[in-house]
Structure formats: C-alpha cells, structure tokens
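Protein sequence lines correspond, in order, to chains A and B. If you read the first sequence in the working numbering, its first letter stands for residue 1, the second for the next number, and so on. If you read the second sequence in the working numbering, its first letter stands for residue 1001, the second for the next number, and so on.
In short, the hints are calculated from the structure, not lab data. Backbone N, C-alpha and C fix where the C-beta goes; we use that ideal spot for every residue, glycine too. Everything hinted at is true.
Not close to chain A: a few residues of chain B, all C-beta gaps over 10 Å, as computed:
#: 1; residue: V1216
#: 2; residue: R1313
#: 3; residue: D1393
In the DMTMM-like style, the derived pairs of lysine to aspartate or glutamate whose C-alpha atoms are separated by at most 20 Å in a straight line are:
#: 4; chain 1: B; residue 1: K1303; chain 2: A; residue 2: E71
#: 5; chain 1: B; residue 1: K1149; chain 2: A; residue 2: D247
#: 6; chain 1: A; residue 1: K66; chain 2: B; residue 2: E1302
#: 7; chain 1: A; residue 1: K122; chain 2: B; residue 2: E1302
#: 8; chain 1: A; residue 1: K66; chain 2: B; residue 2: D1005
#: 9; chain 1: B; residue 1: K1149; chain 2: A; residue 2: D298
#: 10; chain 1: B; residue 1: K1303; chain 2: A; residue 2: D128
#: 11; chain 1: A; residue 1: K66; chain 2: B; residue 2: E1356
#: 12; chain 1: B; residue 1: K1303; chain 2: A; residue 2: E133
#: 13; chain 1: B; residue 1: K1274; chain 2: B; residue 2: D1390
#: 14; chain 1: B; residue 1: K1149; chain 2: A; residue 2: E419
#: 15; chain 1: B; residue 1: K1303; chain 2: A; residue 2: D121
#: 16; chain 1: B; residue 1: K1149; chain 2: A; residue 2: D324
#: 17; chain 1: A; residue 1: K66; chain 2: B; residue 2: E1357
#: 18; chain 1: B; residue 1: K1303; chain 2: A; residue 2: D124
#: 19; chain 1: B; residue 1: K1303; chain 2: A; residue 2: D173
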Amino acid sequence: MSLHVPWERHTLPNGLRVVLSPDPSTAVVGVNLWYGVGSRNERPGRTGFAHLFEHMMFQGSEHVPKNRHFELVERAGGSLNATTWFDRTNYFETLPSHHLELALYLESDRMGWMLPALTQDKLDNQRDVVKNEKRQRCDNQPYGDWDERVQAMVYPSSHPYHHTVIGSMADLDAATLGDVAEFFRTYYVPNNAVLSVAGDFAPERALDAVARWFGDIPAGAAIPPLPGQPDLAPRIGATVRDRVRADVPLPRVIVACRVPTVLDPGFHAVEVAGALLGSGRASRLYRTLVRERRVAKDVIAYVFPLVTGASMLLVWATGYPGADPAALEGALVEQLEALATVGEEEVARAVALTDTRFVRTLEQVAERADLLSMFTLLFDDPDRLNREMDRIRAVTPADVHAVAERWLGPDNRAVLAYEPAA
Amino acid sequence: MSALDRYHPPAPGAVRPFDFPPVETRPLEGGLPLRVARLPRLPVVATMLVIPAGEAVLDERHAGHAVLTATALEGGTLRRSGTDLAEALEGIGASLHASAGWDATTVSLTCLADRLEEAMALLAEVVLEPAFPEQEVARIREQQLARIKQREMDPGSLASDRAAELIYDAAAPYGRPAGGRVDSVSRFSTAHAAALAAERYKPMGGGLVVAGDVDVDEAAALARASFAGWQGGARDGRGISVEPRARHATVHVVDRPGAVQSEIRVGHPGTAMKHPDHHALSVMNTVLGGAFTSRLNLNLREKHGFTYGVRSRFSFRRDAGPFTVSAAVATDVTAAAVREIVAELTRMAAEGPTEEEVEAARDYIAGVFPLRLETTAQVAARIAEMIVYDLPDDHHARYRERIRAVSRADALAAARRHVRPDELTVVVVGAAAAIAGPLEELGIGPVTVHLRPG
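The task is simple: from the sequences and hints, build the whole structure.
This is the structure in structure tokens:
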C-alpha cells in the first residue's frame, strides 16, 4: 500500500520552514513546531536546561500573560503540550479547525516575544515544577535512574548524549534568568524551527496567517556547534557493566548497543531488528523469554532514534523474584545474536505489524504534523512521510543479519543489572 | 500592512460542523448486537468485542479472575498454540488485546481494512474456542503476582490501591485492586479460566463494535460468518456495595522511609456513569481539577510549584466509582499541598464554580470532543462504552448539547451533592517521619500510619 499524504513546503524570509498538509476529511487541525535544540546542546553545568526552558515557554510572552496560553487553548477546545528530547524540542496544539489561527498567534508570540515576560518568580516556580517532575519520574521511582546509567555507559562523558534530558538537581538549581535569555536568543530563532500544520484548513489562507504572525520575527545567527565531542567510535569497544542493588521489586537487566543514527541509510534495518525483538507477541523476546522459557515477566525492545554519533538499541527483561541477573543477560544476548539467522517470513511479519501501526499513527493530525516536522528538520524532505514504509519494506533478512553482526556483538554492549536490595 | 494587534487573540474562522459518526446497528442471530461506524478516511478498522464479564461481580475469593481470564486468551485456542495465534495475527499486521475492567471484558483488534475477514475470524476463535493451556495459565498467574509486587513498590500505584481500599467498605469490590490480591490470584487455574469463560463469555448483554473503512453489510456478513452459533448469556447482575469505609474524614500515611516525594490521594465514593448529574459533574470537575487551567492545578503547580501536576477525577463506572484527587509533591510541602487540596474541595462544595468558569469548562469539554474521536479505535471505544454502561443511543450524539446546557446552578448543585469535604479519605504514601506530624496539625481527622507492604 502506498501513502499519499499531501504536503507543501514554504520558507519565510526569516528562515522559518513551513509544511502544510491539508486533510478535508477531518474537523480538527494539528499545529506542530520542532526547534532544533535539545539536551545535546546543553553546556556543562546546565544539564536539564533545554527541558526547563521548554517549561518557561508556557509562562507567557509579551502579549500573553501567564496562564493565558493554556486558558485560550483550553477554552477553544484544544489540547497542547511540548516535549524535550536529545536533539529537538517540540511544541504542539490540536484544535477544532476554526481555531487554527489561535495556535499560530500563541506560537508566534513566544517565538518572537518571550523574553519581555520573563521573571524570576516564573523561573523559580517552574524550577520547582520540573524538580517535582524529576522526582516523580526518576528519584521516587523504582529503576528511575536507568536512563542516566545507560547513557553514561553508552556515551563517553565528553559526548552530548552522556547526560539525561531531565538533568541533575544541582544544575537545575544553578539555572539563571541570564541562561534563559541566552538560550532563547541562540536557539529559539525561526531559522532553527519547522512549523507544520495538518488537518482541516485551506493552505493558501493558512500560509497567509503564518506569514502574518511569524513574518516579523527576525532571523537569528547560525546555530553554534554542539558542546563537547560529538564524534563517536561506531562501537562501545567492549561489554561494559553497571550492577545496582536498589529498592526495586524485581531483578531487571537492560542491554544497550550503539547503532547507526537516524540519518544513516542503515537505520531502517535497525528499526526492523527492534521490531523483530520486541514488537508484538510473536516477537523474539516475548516468545522465548516470556512465553516459552518463562525467565522474564516482561520484555521490551526499543530503538532511540538519535542524530549525533550513534543511536541506541536497547532491550530489557524483568525477572521473577529471585531471578539471577546473569541468566537474564544471557537470555537477552542470545536473542540479540540469534537475529543473525532470522528468516524471510519473520521479517515479513515484523514489517506487516509496523505497517499497520504506521497507518494508525497517521489517523491523528498531531502525529502527522509531528512526523512532517521531523522529516523536514532532519532530512529537509517532508515526503519521507509517504515513503517511510517503502524503506521499511525494503529491508531484507540479510540486512538484519548484518545489524546483528555489526552492532549487537560483545564489543558493543552496555549492561545494566538491577537487583532488589535484601 | 496595518500593524498586527498582538494583545488580542485572532477571531476564530467558520466552524466546521462535527457530529458523532452515525452508528448502524444490526442484530445478529444468537443475540450479539453489531454496531458499525463507517469511517473511510484511512484503510484501517478497529473492532471491539464487549463481553459482559467484569470484575465487580466476582467475590473476594475470585478477585482478579476476570482480568486473568481475559489475559489468558492469548494462551491459544483449540486450534492453535499461543505462539501460532500471535504469528497468525501479526502476519496480517493485526494486533489483538484482551482485558477486563470492572464492568466488562473487552477484546479489541485493529488491522488494515483488507485483512478484516481473517482478523475477525481470529477474534471469534480466540473468544469462542479458548484453550487456556496449563502452562500459559501458570505463566499469566506468575506474571500477575510479580505485577502485584511491582505495584506495591511503585509509590503511585501503591497510593491508588491503598486509597481505593481505604475509601470503600471492606465488602465493596471497588475497594480492591482490579487485578486481584495475592491469595485470589494464587488460586487461579485453568479450571477457573475455563469455567468463567464458559459461563460469562456470551453474546447477550455484550456487543460487537466495528469502526473504520468498512460498510455495515460487509461487517455484518463477516460477523455472521465468524460468530455463527454463539448464543446465550445475560447482563451481569448488580447490587454491589459502594459503601464508604467511614462517614468522617480520615488521614492515612503509608510509610516509605526517606522518600523524596509524597504520593497524595484524596477522595470518597463518587457516582455511577448513568447518574443524572453526569454532565453537570463533568463541567464542575473540569473547573476543579479536570484541565490544566483547573483551580487545583493553577494553585498547586503554577502558584506554589508543589507538584508536576494535580488532577481530580470521577471514575464513572456502572456503580459509584471513586472521586479522587491525585498529586505527587515534594516531601517538605506535603501537608501544605493537602491543605490546599482540601481547601479547594471545600470552596467548591460551598460556592461552586463561577459563571465564567462554567462557560470556559463547557467550551473546553464541547470543544475537545472531536479531538478525542480522531481514530477508529477512539470511536470504537466510545461506542463500546454505550454497551458497557447501557447508555441511550443518543448519548454521544447529544453529549455536547447536554454539556452546553449545564448552568452554574447545575454545577453548584452537583458540587454540593458530590463533593463532601467532611467525608474525605486522605492517603499519603511518603516518609512518615517527615510528614505525619504536619498532617496531624492540619486537623483534618485522625492520622493513621501504616507500614509499607512487603
């Protein structure tokens, strides 16, 4: 099945890239902005700042007082949020389609006029909110430090992915209003952003509105190079281990490997490898570890789609009470290695499942807009949305064998093992 | 070009009308009602089979067995093993998910439209001919026991489970975890699964929902072919207790020594889905704690920075599910956060929302309605709700109109009837040494400190 999601692309004189994807079969509209900034851009001593900054973007702008942004969108029957990731920060609204221009107004005001509304009270308030987010997700959560430990093993301390998106409490405490202003001027510029609109709208009028609201925002300087040392050896070089006794209910082992970045043509084979390992109940990990051998209570396989140096493929298994972490590791590693002999039928099944999931993703205008922003920011090519599944379908068993041999071997593994404290 | 007025939001454009998609109903022989919404936007179909087999009517000894039986459906059928079943489904790109809630068991399936015939046959095979092999049942039992252990060590899950238990009387099913307790789960066997399915996996009182790129005649033909001969059954009998544990305010601390955060739950029994105050309550709760700009969130998060977020919620079920406020807050502000929560509930119960708040909440609820009906699975789930809760056919079609009709007086009356500050159960999972004293000083009610389980 081939996809024909329509799109058109424009660039404003200030460098803002705009992607419009009309769909008259719906009554809603999704607005999505990707800024090319994430935790990888944080300088030493300011981990967690990109995410704290994201919170500050909801604290009002010159023409929009605090809380007004949320009030206007909710009053219009819209939903909104933002997320911060290693390589980017995205902001999005979904609204009944007649409120499209409201989202453009709000997004443009904070892109152009955020700083005049900035106050110390707002920063202190959101610092407390973010510290509570960190407590809720990490510090007060069994296994809550897993990503910090895994990233520290997979990426050296000089690499921008060495630290987590949420950052450290000390660095959050250290953030100042000056940091906010500098970050804003450096990264929150139209030439570092993609704006996508998907759903029910007329492209010509939408483009007029985009130009009207965003056109006055001046372009910024070129984006500075990443801090630290972004270059990376393709493999970790050994099996590295971190063993933790902690207040966790069950033993859990996570194995992570460096794999090619999303920009690498080999990334699709990595995605298929991830699906073969962990997607669905016929997948390798579920079938063998959970169902047949009953050594794991649950399993996960996941590919982090990253841009700088190397992405990460990771698998994890949670054992039953008393399980030996070494046995869990052995079982996981066996399945990583077994991908080297995977057959045609199994690959076809993983592709079929991925196919259905991809089409279902496109049911939501917010997802369409997010994918269009991603493909435009990373590849300068919105049409990858329509061809993505063709790329996945083109992956052969031999490609998957090569993934296993090149990237999943003992010279490229970080192993994190949790054991319950007695 | 004239200067742009940035101080005022732009006027909205022309409203694009939106209605809940038309639902066509076809009775199938044997008694399984079929409801179809044709949504040709993308070539996908979501199917949900609703079976009148919920947890609420099970006795304490069998708590969790409806959940476990539904989960055990993945163990395979009389015709194929669990792995063969997974391969058959995933080979056509289909995903099957079976789960039980308080009021029903739901087996949902999504696939591309051109695979519906094979997928529907597999759905029927799973439900009509389950095998429940011993080894698979044992695995699912052990997984559930491990999950119970996980819930006890996850502060948020522990708080929710203990809150339910402390809100309701010991005889009320809603007071126990939906997935059962260690003793009732340990008891679960192939014989239990087979008996539960034989007795309760019946078409009467349930229904088959199909939403997506398929027309009603085609869906009916496929359903007839797959579910031929399936008959019998009845709706769950009701009459479960929803009595509270106490009619006065109580405070409970579940100790997690050294915890950096406290998980707070505050609530009491709420109302049933079909309560006439449903729409007024939805409006009132949106103002109280059901949206980002709710009173609770603006107070605890945006004013005080106590929490990443706080919500209030009426869990509408066939009988009166709980009304609960939930938040995770820093340890040193625990008592202050509880004080603010109770103050907001007290203010709401006394004064209700303002006219402006009611207007904003109505606009919000009516406005987000189409946003939550974008996908075939979302539409199927809404139609399935009509079966589970026995809602009138026009429930969704007239939902927004009924929301828009809620007045400030209605919302105030609902708040007075359904928010009862004098009967709150406050449950806090956190460091007792740091928080029990300050909670005592609030004077809400007697504070009991519980050891954490395990």
